[in-house]
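Undergrad: Chains as they are written, first to last, in this note's numbering: chain A, 1 to 255; chain B, 1 to 255.
Calculated directly from the structure, the hints in this document are not laboratory data. Note that this is a predicted model, so its numbers are computed, not measured. Fair warning: there could be bad hints in the mix.
Identical chains share a label here; the pair holds if one copy fits it or two copies do between them.
Claimed, not checked - Below, computed lysine-lysine pairings styled on DSS-like, alpha-carbon distance capped at 30 Å:
hint	residue 1	residue 2
1	68	104
2	104	69
3	249	151
4	69	224
5	249	69
6	224	30
7	224	68
8	249	104
9	249	68
10	30	225
11	249	76
12	68	151
13	104	224
14	76	104
15	224	76
Number of protein chains: 2
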Amino acid sequence: MNLTLTTIDNLPLINPGDNLGEIIADGMQKQGISPQDGDVLVLAQKIVSKAEGRLVNMTNVTPTDEAKKYAEITGKDPRFVELVLRESQSVVRTAFNTLIVEHKLGFISANAGIDHSNVHGDWGKDSDWVLLLPENPDRSAEQIREYLQEKFHCPLGVLIIDSHGRAWRNGTVGVTIGLAGMPGMVDLRGTSDIFGFHLKITQVAAADELAAGASLVMGQASEKKPVVFARGFPYALREGNLQELIRPKEQDLFR
Amino acid sequence: MNLTLTTIDNLPLINPGDNLGEIIADGMQKQGISPQDGDVLVLAQKIVSKAEGRLVNMTNVTPTDEAKKYAEITGKDPRFVELVLRESQSVVRTAFNTLIVEHKLGFISANAGIDHSNVHGDWGKDSDWVLLLPENPDRSAEQIREYLQEKFHCPLGVLIIDSHGRAWRNGTVGVTIGLAGMPGMVDLRGTSDIFGFHLKITQVAAADELAAGASLVMGQASEKKPVVFARGFPYALREGNLQELIRPKEQDLFR
Numbered sequence: 001m002n003l004t005l006t007t008i009d010n011l012p013l014i015n016p017g018d019n020l021g022e023i024i025a026d027g028m029q030k031q032g033i034s035p036q037d038g039d040v041l042v043l044a045q046k047i048v049s050k051a052e053g054r055l056v057n058m059t060n061v062t063p064t065d066e067a068k069k070y071a072e073i074t075g076k077d078p079r080f081v082e083l084v085l086r087e088s089q090s091v092v093r094t095a096f097n098t099l100i101v102e103h104k105l106g107f108i109s110a111n112a113g114i115d116h117s118n119v120h121g122d123w124g125k126d127s128d129w130v131l132l133l134p135e136n137p138d139r140s141a142e143q144i145r146e147y148l149q150e151k152f153h154c155p156l157g158v159l160i161i162d163s164h165g166r167a168w169r170n171g172t173v174g175v176t177i178g179l180a181g182m183p184g185m186v187d188l189r190g191t192s193d194i195f196g197f198h199l200k201i202t203q204v205a206a207a208d209e210l211a212a213g214a215s216l217v218m219g220q221a222s223e224k225k226p227v228v229f230a231r232g233f234p235y236a237l238r239e240g241n242l243q244e245l246i247r248p249k250e251q252d253l254f255r
Numbered sequence: 001m002n003l004t005l006t007t008i009d010n011l012p013l014i015n016p017g018d019n020l021g022e023i024i025a026d027g028m029q030k031q032g033i034s035p036q037d038g039d040v041l042v043l044a045q046k047i048v049s050k051a052e053g054r055l056v057n058m059t060n061v062t063p064t065d066e067a068k069k070y071a072e073i074t075g076k077d078p079r080f081v082e083l084v085l086r087e088s089q090s091v092v093r094t095a096f097n098t099l100i101v102e103h104k105l106g107f108i109s110a111n112a113g114i115d116h117s118n119v120h121g122d123w124g125k126d127s128d129w130v131l132l133l134p135e136n137p138d139r140s141a142e143q144i145r146e147y148l149q150e151k152f153h154c155p156l157g158v159l160i161i162d163s164h165g166r167a168w169r170n171g172t173v174g175v176t177i178g179l180a181g182m183p184g185m186v187d188l189r190g191t192s193d194i195f196g197f198h199l200k201i202t203q204v205a206a207a208d209e210l211a212a213g214a215s216l217v218m219g220q221a222s223e224k225k226p227v228v229f230a231r232g233f234p235y236a237l238r239e240g241n242l243q244e245l246i247r248p249k250e251q252d253l254f255r
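If we strip away everything but chain A, and leave its shape as in the complex, we get:
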């Protein structure tokens, strides 16, 4: 078994309105990559958000009283907090410099995934610009998948990832925020182990495992490569969505 994660190099900076599928296909072709049935393209959230124009200038944001309250607790810019709250279903934990929320999309993350770094460029040179997550990352993944499948005439998966902090452990890891054409979870219940025992660990967050591995090669700093081509994903492609990976609140002992 062999899994190869390859960055697509020499991609242009992404601008609002860009056709990401086309840009990725171009990059793959320049690099001599011919996708096969079962390959997966992994995309950093940031380029999807940029292509979709999810930039907001905080100069135009007026914080509510609730935002001001959380800004005081966290020490964050009230306008930034306002944007976080607008993107969220609920506030999960707060502390100085920490604002952990349940995003409208269902997952728990710091600052609703709103990002300040790598944002400006053609859209302004000051630090008031921030970048929201894609409005519907599963849909974004599906659109890119449709483009790539039509281009390359084979079934592909598309995975959109972000870096999240975690309970209990230090540091961030890449996790899924949207996907198309591939499983989020793989259910091995009923499968036997090599001695014929029923397995105890039976639901594997396969998309998140791929997200973490791909995040490793993307890098987080100036070497960042926002698209990774994955060959050897070991599970069959199928329809899938983010929701498979979200633990329902009533089954979650840690909110």
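Given chain A's structure and the hints, the job is docking chain B onto it.
TA: Then chain B, alone, in the frame of chain A:
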């Protein structure tokens, strides 16, 4: 950038007392793998535990009153609960079928990582055998690393992984339980992004990202391959340990 994760195939079943370094080196050589400076060997916890004889027959375990109490809450075998408690610093959450603890090693996991599947073999055919985690996985990793480095004459990393459930998200992912000769966390604070901004996400759980990717190719069921050879880990090797990845309790909002 390219990360390749390759299973070492045709490894024998591991028995207590086996020299894992030697077995892995043999497997690599049979597969024509010549390691280079910077390569990492990723090992499933289970084979390390087996080689170290961490098998326990529950027939010999007498549960305390505390174990009986948690057994009642969780519906688990009181002898199994007793072993979990002996391996743990504290109980974090309980529910029916759920016993989440802080392991003596510092991480949070279900059942202190004690495993029932894939355990028997030469040691008994009934289901009373369970497998504890290695006593000191960093030390286990270091011993295997020393063997491999002497054999292959180049610096290598060794990572021991297990599959853990998570707060907030469904399914298990591979995570680090021990390591040697490689970073657990990579600190990018002070690094600039591609526009010269200071990064917000700056501490990357690099070992856990590799653990998740390697777990994906190991598989969880009958196709399980407990050793993965990783080429292309993007950070420089150095001394490292599990503790880098453990969030101290006083900094953890989710216990």
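Undergrad: Next, verify each hint and record whether it holds.
TA: Outcome of the hint check:
1. 68 to 104: within (20 Å within a copy, 41 Å between copies)
2. 104 to 69: within (20 Å within a copy, 39 Å between copies)
3. 249 to 151: Classified as neither: same-chain Cα gap 40 Å, cross-chain 50 Å, threshold 30 Å.
4. 69 to 224: neither (35 Å within a copy, 51 Å between copies)
5. 249 to 69: For residue 249 and residue 69, both the intra-copy (25 Å) and inter-copy (26 Å) Cα distances are at most 30 Å.
6. 224 to 30: Classified as within: same-chain Cα gap 19 Å, cross-chain 36 Å, threshold 30 Å.
7. 224 to 68: neither (34 Å within a copy, 52 Å between copies)
8. 249 to 104: Both, since 13 Å and 29 Å are each at most 30 Å.
9. 249 to 68: both (27 Å within a copy, 29 Å between copies)
10. 30 to 225: Answer is within; shortest intra-copy Cα gap is 15 Å, inter-copy 34 Å.
11. 249 to 76: Answer is both; intra-copy 27 Å and inter-copy 24 Å each pass.
12. 68 to 151: Neither: 48 Å inside a chain and 61 Å across chains, both beyond 30 Å.
13. 104 to 224: within (27 Å within a copy, 37 Å between copies)
14. 76 to 104: within (20 Å within a copy, 36 Å between copies)
15. 224 to 76: For residue 224 and residue 76, only the intra-copy Cα distance (26 Å) is at most 30 Å; the inter-copy one is 46 Å.
Against the hints set out earlier in the document, violations occur for numbers 3, 4, 7 and 12.
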